[in-house]
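K.L.:
Residue strings, one per chain:
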Amino acid sequence: MNPYRVYGKGRIDHRAPVSFTFDGKTYEGRRGDTVASALLANGVHLMGRSFKYHRPRGPVSAGSEEPNALIGTKRGTGRYEPNTRATVQEIYPGLKTNSQNTYPSLKFDLGAVNDAAYMLFSAGFYYKTFMWPKSFWDKVYEPFIREAAGLGRSPTERDPDHYASRYHHTDVLVVGTGPAGIAAALSAARTGLRVTLVDENAEAGGTLLSEPQAVIDGAPAWDWLEAQLAELKALGVRVMTRTTAIGYYHQNMVALCEKLTDHLDAPDPDMPRERMWRVRAGQVILAQGALEKPLVFDGNDRPGVMLAGAAQTYLHRYGVLVGKRAVVATSHDSAWYASFDLHDEGCEIAAIVDTRADLRADLVEAAAARGIEMHLNHSVSGTDGRLRVKSIRINRMRDGKAAFGRRIFCDCVLMSGGWTPSLHLFSHTMGKLAWNDDLTAFLPDVKTEACQIAGAGRGLWGIEAALNDGFAMGAAAAEALGKSGATPTLGVTHDRTGTGVTQIELPTDRSPSSARAFVDYQNDVTAKDLRLAVREGMRSIEHVKRYTTNGMATDQGKMSNINGLNIAADALGKPQPQVGLTTFRPPYTPTTFGAFAGYHKGGHFEVTRKTPIDGWAEKNGAVYEPVSLWRRAWYFPQNGEDMDQAVARECRATRESLGIFDASTLGKIEVVGPDAVEFMNRMYTNPWTKLAPGRARYGLLLGDDGFIRDDGVIGRMSQDRFHVTTTTGGAARVLNMMEDYLQTEWGDLQVWLTSTTEQWATIALNGPNARKLLEPLTEGLDLSDEAFPHMSVAECTIAGLPARLFRISFTGELGFEVNVPARHGRALWETLMDAGAQYDICPYGTETMHVLRAEKGYIIVGQDTDGTVTPYDAGIGWAVGKAKPDFVGKRGLARPDLVAPGRKQLVGLLTEDHSKLEEGAQIVRDPKEAVPMTMVGHVTSSYDSVAMGRPIALALLAGGHDLMGEIVHIPMPDRIIAAKVTGTVFYDPDNTRLKL
Amino acid sequence: MTELALSPDFAPGLLAESAAARVTLIAPVARFSLRCKPASRATLARVLDLPLPETIGHRAHARSREALRLGPDEWVLTALEGDAAGIAADCAAAYDAAPHSLVELSDREVTFAIDGPGACDLLSLSLPRDLDGIGVGQGRRTVFDGQGVVLWRDEAHSFRMDVWRSFAPHVASLLATGCRELALEM
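Taken in order, these protein sequences are the chains called A and B. With UniProt numbering, the residue at position 730 of the first sequence is 730, and numbering never jumps. With UniProt numbering, the residue at position 117 of the second sequence is 117, and numbering never jumps.
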């Protein structure tokens, strides 16, 4: 039994009881109820405590704008959500909910001492209190603020739910299913366009659901609604409920968040909980309606005080009377109708209190006919009641001042301060607003996107006006898309048109400074706080907002922004447009992180690229490291080796006999065409004209600025075809840079670029036995040093596979790189491993590759360079073709800074005490210099070198090339390390091992 | 709902099937990127005995060879695997008269076949394009789940999607997720 339920009323299923719990107590609602409507049906208004003052609060609205009734919801492990709006969450059997910000309980809360001490928590409280002493910040203030920040408890368990996302294309997207939205969708769809209609509520209909008395085109509102929804369906319109348009982005991209399972009794665990829709629409029609404003008076936040329109919705949609004895406080006609509806269903209306002196005669007559007491030209100066409103104090107005008040007992107060058009999505587009003095509201003005605004969202009032505006805007959208259709006009009877006036905080006969007249319920901001902010020097609404936190809660000021603006403007003595409106930002309503993340979690969080040989590495115990999106084998530990031991073994095996390395991730670009060589000459620093087909060369790529961007070995496959390799991380970047030049600067060249990174699997063989391994497997090519010297390339057959074979080395040993079509990579690797057993072939990973190349002084772009290093700085000026007329970066290299002395240059470092330096460590010249010392460079690469029997390092050092043999110092937390400056080539400086 | 792991060696076969859609890895074909200036197009079409479409997104086929125009100077050619050498030879013979770039990409990509009543919905999980704008018998270079792909629309509810090899497992996992998800809501 629900004591406040009106049987037969509403759109709930009265025959379907649903049990759920709130703070551990079981309540019974009906199928179709929200948590708020079900609790109200049980006479429960108290649903939570406010954020700052811990004041008792109940629902003030019946929709997604709710600032007060924020609860925790739970459906089993991991499915706890804080700050759910009780006015939106539908009930299902077994739903568990709890109040928030309460200790030890909702009804007796110790935090409520804040309320008594409210004078301390005035506007700017945080700014004033946490300024000094400075030493208090880390230990006292920050922990305190963190503890106090945010309402509700963050979930601690992993979210087990799935979240989905989709793209959707539609000619016309209509946001809102009230009369304007339905009409707009109809008139657009009747022209044959693809139309999508969305609404955040569980059911389409908007205002019509709360105003069943209206008769549209001769049919009762709900019958008309049902017929129109049927026609929309027949026209192929996609109608999506429980779907919130959360953001309106560039070029008519609208984000929708669709709730799929939160309302279901027992959803399939595989079902996504929510789905983010990215909708691209030809035209968008915003039919979001208007939001009712609270009146601002002392005690306007007490449970039982709510918007009159909300009470009307609870009655008509949910069959709930929000009280038995109501006082209505209003400055708008709409609340009068709400009073009549509640009265007619058995709620005693103790009084209607209107701030206006003159009212429409028909309203006064209708109230009088019902025997309702009316107090015109009255103010409200307070409410009483601890956990629920018990009485209201009203005052006659004389010359704008409140006379002595009188109390009226009641169990609920229905208030209305008028209505504000919902501008949120329009504001997302950065569209301009215009102030309308008559409505005391901002209205959409200059549009930046292909959109129409229909109905109450642009200040129209009443079902007939909204409906016919919807038809017109739907037709306007269709016309903009090249279609034309009829624009019907329908008549509506029993329509509730009306007007009102806008109030700032209501006059009181008591001290205004002790009035707890709330503007922002969720952040506990009062009218007094706003006036204080203005007194303390805040002039712009943006400053007032941040100083007071008005409108900064999760409801984004849906109720508070306009009241806040009106009060701030009054305090400043300026018209509202000069004070300004704060910016609304997406999302329109709070949205889960899951909806934003979508499928990108767990194994699908981000692409992990794997080479064709990755499976072998995994099977053989590789430890991986991420290199851009790839995972690469870092080292292959054996028998419990740690990384240092494994790398030392891999290095030794490669230098002594034979190492094998998966180089498939190297970027590869095929450069083909009659102008290929010219393109290469322009792109790379090196000269390419004289490179014969079958030969390869180290290529160096600069940016316009003359700094090193990428490098790699490039083979000339034929006169007009180059096989370019890039760094692993640079593959896409280099191709983009090349395409950019080709398409924007050198359109005359007949040359084309194709990424072949993934066409080939690449296996590097290094070590004195590399040729011995390959020779018996190779057909169609003489591998001898004479026939196929260092820096050669050829097409041949290896292990029966078509291959491109390079003789190159990134280790300083005799080296080959075999490229075979990717599908054969694993098979070739296994063949080479088998055949290489006789040479103790050793698979090695990227760490060993790094050590071996560092021993030879070969740079790694991005490790030994940082985007400010020239070829000369890096000691590879020999790669710059000085005779070439031009290449990318040639002019950059001549800039004064790039030829000035004292630039940081790449050198080797050998520590005096044979300790290994830390990469990134800073270098100083004078270790005795007072801190802060003059830093002259940093260590870029540092390894234990088996070949050298000691650690080696590379470093960028100011003027380094002129400091050979000198000692520099590397200060570390525990000591200062001395190191000798050397050349960068530590091992086999004469390259004898390359020429085996 | 059937769901099978994509094998590391990309063995062709069924990957996911539900009431909504079916995803299959199909056997490799010979695949080339052909690039040339407009003046060379007719010559290359003649030596290949294959029309090279003039409209981006359009396809043409002759015998077992097929061409899809991807860009202003770019076509992707597919053929039976055994025809790869033939295509290379045909183009090479015309190189001097019709300069171009022909690069074999048979191993760069793998191809998923996506079909079933929910095929379009499945693609909409992560395809930003409006499928209504891609006619049957056309194709597009586009992105799916952030990865560059080539999409071929063979029938109203039947597509092929070429994906670079190392991105394929990521794409396959989303396609499988989508098959399951869409079936639950049917």
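Take these hints with a grain of salt, some might be off.
[Said to hold, decoys possible] The calculated SDA-like cross-link candidates involving lysine to any residue, where the alpha carbons are at most 20 Å apart (straight line), are:
| hint | chain 1 | residue 1 | chain 2 | residue 2 |
| --- | --- | --- | --- | --- |
| 1 | A | 107 | A | 42 |
| 2 | B | 37 | A | 233 |
| 3 | A | 233 | B | 121 |
| 4 | A | 483 | B | 121 |
[To be verified] Facing chain A, according to a computed beta carbon distance under 8 Å, are these residues of chain B, among others:
| hint | residue |
| --- | --- |
| 5 | 37 |
| 6 | 55 |
| 7 | 103 |
[Unchecked claim] A short list of chain A residues far from chain B (calculated; beta carbon distances all over 10 Å):
| hint | residue |
| --- | --- |
| 8 | 362 |
| 9 | 772 |
| 10 | 782 |
| 11 | 821 |
| 12 | 884 |
| 13 | 911 |
| 14 | 924 |
| 15 | 949 |
| 16 | 965 |
| 17 | 980 |
These are computed hints drawn from the structure, not numbers from a lab. Quick caveat, the model's predicted, so the values are computed rather than measured. Even for Gly, the Cβ is constructed at its ideal location relative to N, Cα and C.
K.L.:
Hint by hint, say whether it matches the structure.
P.N.:
Quick rundown of the hints versus the structure:
1. A/107 with A/42: Satisfied, since the Cα-Cα distance of roughly 16 Å is no more than 20 Å.
2. B/37 with A/233: violated (50 Å)
3. A/233 with B/121: Roughly 19 Å separates the two Cα atoms, so the pair holds.
4. A/483 with B/121: Violated: residue 483 of chain A and residue 121 of chain B sit about 27 Å apart, past 20 Å.
5. 37: OK, holds: residue 37 of chain B within 8 Å of chain A, min 6 Å.
6. 55: Because about 20 Å separates residue 55 of chain B from the closest Cβ in chain A, which is outside the 8 Å limit, the hint is violated.
7. 103: This hint holds: residue 103 of chain B lies near chain A, its Cβ roughly 4 Å from the closest one there, short of 8 Å.
8. 362: holds (50 Å)
9. 772: Answer for residue 772 of chain A: holds, closest chain B Cβ roughly 29 Å.
10. 782: holds (24 Å)
11. 821: With a cut-off of 10 Å, residue 821 of chain A comes too close to chain B, as the shortest Cβ separation is near 4 Å.
12. 884: holds (24 Å)
13. 911: holds (40 Å)
14. 924: holds (44 Å)
15. 949: holds (39 Å)
16. 965: At roughly 47 Å from the nearest Cβ of chain B, residue 965 of chain A sits farther out than 10 Å, so the non-interface label holds.
17. 980: Nearest chain B Cβ is 44 Å from residue 980 of chain A, so the label holds.
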